[in-house]
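Asks: Chains as they are written, first to last, in this note's numbering: chain B, 1 to 114; chain G, 115 to 225.
Because the hints were derived from the structure by calculation, they are not lab data.
Some hints here could point you the wrong way.
Claimed, not checked - Lysine-lysine pairs mimicking DSS-like chemistry, simulated, CA-CA at most 27 Å apart:
1) G/159 - G/193
2) G/159 - B/57
3) G/116 - G/159
4) G/116 - B/57
5) G/193 - G/224
6) B/57 - G/193
7) G/156 - G/212
8) G/156 - G/224
9) B/57 - G/212
What the hints assert, rightly or not - Only part of the chain B face toward chain G is listed, based on derived beta-carbon distances under 10 Å:
10) 27
11) 28
12) 45
13) 48
14) 64
15) 83
16) 84
17) 88
18) 92
19) 94
20) 95
21) 96
Claimed, not checked - Here are the simulated distance ranges between beta carbons:
22) G/188 - B/27: 39 to 47 Å
23) B/95 - G/179: 45 to 53 Å
24) B/67 - G/188: 40 to 48 Å
25) B/14 - G/130: 28 to 36 Å
26) G/142 - B/41: 18 to 26 Å
27) B/22 - G/166: 34 to 42 Å
28) G/115 - B/22: 19 to 27 Å
29) B/82 - G/167: 41 to 49 Å
Bear in mind that the values here come from a model prediction, so they are computed numbers and not experimental data.
Even glycine gets a Cβ: it sits at the ideal position worked out from N, Cα and C.
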Amino acid sequence: IAGITQAPTSQILAAGRRMTLRCTQDMRHNAMYWYRQDLGLGLRLIHYSNTAGTTGKGEVPDGYSVSRANTDDFPLTLASAVPSQTSVYFCASSDEAGGQYTQYFGPGTRLTVL
Amino acid sequence: RKEVEQDPGPFNVPEGATVAFNCTYSNSASQSFFWYRQDCRKEPKLLMSVYSSGNEDGRFTAQLNRASQYISLLIRDSKLSDSATYLCVVNTGTGGFKTIFGAGTRLFVKA
Chain B
1 IAGITQAPTS
11 QILAAGRRMT
21 LRCTQDMRHN
31 AMYWYRQDLG
41 LGLRLIHYSN
51 TAGTTGKGEV
61 PDGYSVSRAN
71 TDDFPLTLAS
81 AVPSQTSVYF
91 CASSDEAGGQ
101 YTQYFGPGTR
111 LTVL
Chain G
115 RKEVEQDPGP
125 FNVPEGATVA
135 FNCTYSNSAS
145 QSFFWYRQDC
155 RKEPKLLMSV
165 YSSGNEDGRF
175 TAQLNRASQY
185 ISLLIRDSKL
195 SDSATYLCVV
205 NTGTGGFKTI
215 FGAGTRLFVK
225 A
């Protein structure tokens, strides 16, 4: 069982270009999340999806979009990348047991926008 | 005030030492609590959940104080391999999207 996979592992992107970060889970979790992690700021939620077909905005959604066509996949798209989107991006999914939402993370995508 | 605040790091301790991390949270309605571990350039991984009665997993003990709104993590007999960043994580409501991650505390265990 792979858990959560992300692609690419890293990417250098020119400003203004469109980029899609891929995320796939095989745990059949209903909920999935995208975070960015910047030094000193911790993980910040970009977008989330509680179940296939639904999405919601997190703390820092501007400049990003997501879709959730099925349970397994949750791609994150940067329509027109800007240097401030340079960050490490983590995809996560969660199960729910007894009211606890335990999140499991993918290995991350390191994105540099020049 | 941040919703989840952790001890400023880094903590530098010798092997075999006992080290404790504290974390405070601002939302009194918070429902579930976790400690995650993150190694350099890697993803966060669940270390342990934190239960109201306190819980222990080997050398690690987690405690929750709802009245004072803080949680703690105690590591006994520190190993070199414990060197990492420890994230305090709080779920403030119904739904995983209401999970708040602390900025983390770095621990260095030295021989």
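Asks: What hint numbers does the structure not satisfy?
Replies: 6, 10, 11, 14, 15, 16, 22, 23, 25 and 28
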